[in-house]
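Take a look at the letters that make up each chain.
There are 2 protein chains.
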Amino acid sequence: MSATDTSFLKQAVQLATRSVAQGGGPFGALIVKNNNIIGRGNNQVTINNDPTAHAEINAIRDACKNIKSFTLETCTLYTSCEPCPMCMSAIYWARINRVVFAATEQEAANAGFDDAIIARELCIPYEQRSILIEHLTCHEHDQCFIEWSNKPDKTEY
Amino acid sequence: MSATDTSFLKQAVQLATRSVAQGGGPFGALIVKNNNIIGRGNNQVTINNDPTAHAEINAIRDACKNIKSFTLETCTLYTSCEPCPMCMSAIYWARINRVVFAATEQEAANAGFDDAIIARELCIPYEQRSILIEHLTCHEHDQCFIEWSNKPDKTEY
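Residue numbers (our numbering), protein chains in the order written: chain B, 1 to 157; chain E, 1 to 157.
None of these hints come from the bench; they were simulated from the model.
This structure is a prediction, so every number in the text was calculated from the model and none was measured.
The reader is advised that the hints may include incorrect statements.
[As the list claims (entries may be wrong)] Straight line, CA to CA, 30 Å or less: simulated DSBU-like cross-link-like pairs of lysine-lysine:
1) Lys10/E x Lys151/E
2) Lys65/E x Lys65/B
3) Lys10/B x Lys151/E
4) Lys10/B x Lys154/E
5) Lys65/E x Lys68/B
6) Lys65/B x Lys68/E
7) Lys10/E x Lys151/B
Please construct the entire structure, taking both the sequences and the accompanying hints into account.
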């Protein structure tokens, strides 16, 4: 960890604190590439009626929009709090290769934001989960993959 | 499974097929509440430069916007393909309690969309993962939680 890491993390934490005053949830995140901040986000779940609007997801969306790319290789995500499984998965999809966080999952849980159940559910079979997850065959289900495979100008990712 | 399930799933599959022609990825999803479709989404990762724009995430965001709520209790999500860990986590955050999918994760992997590495990584300790995840203490890190706790008019979730 460097002084630069500490400075960026502190800014993510400040975004989280400001977020509360602005009506958002107490979380902030930013994306850094080559020592420049290219995206910022705070939690806007309740103010925007969007359960996916966590700070990290918003920061990823903002950074991708700013650099006009759907990947963020060589970037670091600084976040005020340990990412939940949704945000951690988004971090992998975005190809971010380093994450630095301040508060722990346990500290978030103490503040009323508990995602431990999601992490547990993702690691157990469907039939043991608290929600119903059902596989239904549908005879056209692979037409989309056939058309994708045959599309000459597709952008793979 | 009912005829209604089959009909809704078929519509999600059709969204996936149409998505390819529209420049999106080969995935579609819809959200149903009381037998009415309240949200739709297709994969727009590459056309919108947004790695979080999976069909399920887009359908959840659309449904929440339409019904002006950040939760989707009693809703079913129909999706053309087994949800990835990011979308599955979003499903939990949205409090959707039933998921019906057509193509399997393996079929998606065969088409070039492999999220098995993300699922594996979420179930192993940080130090064994392919990306760096670091915890750094920051003395103001819990100020946001203190302000959240003291905020009289907060919307909890």
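Hints, verified against the model:
1. Lys10/E x Lys151/E: Measuring from Cα to Cα gives roughly 46 Å; hence the hint is violated.
2. Lys65/E x Lys65/B: holds (21 Å)
3. Lys10/B x Lys151/E: Distance of about 22 Å is within 30 Å: holds.
4. Lys10/B x Lys154/E: holds (24 Å)
5. Lys65/E x Lys68/B: holds (25 Å)
6. Lys65/B x Lys68/E: holds (25 Å)
7. Lys10/E x Lys151/B: The given pair, whose Cα atoms are some 22 Å apart, holds under the 30 Å limit.
Going down the numbered hints, you'll see the structure goes against just number 1.
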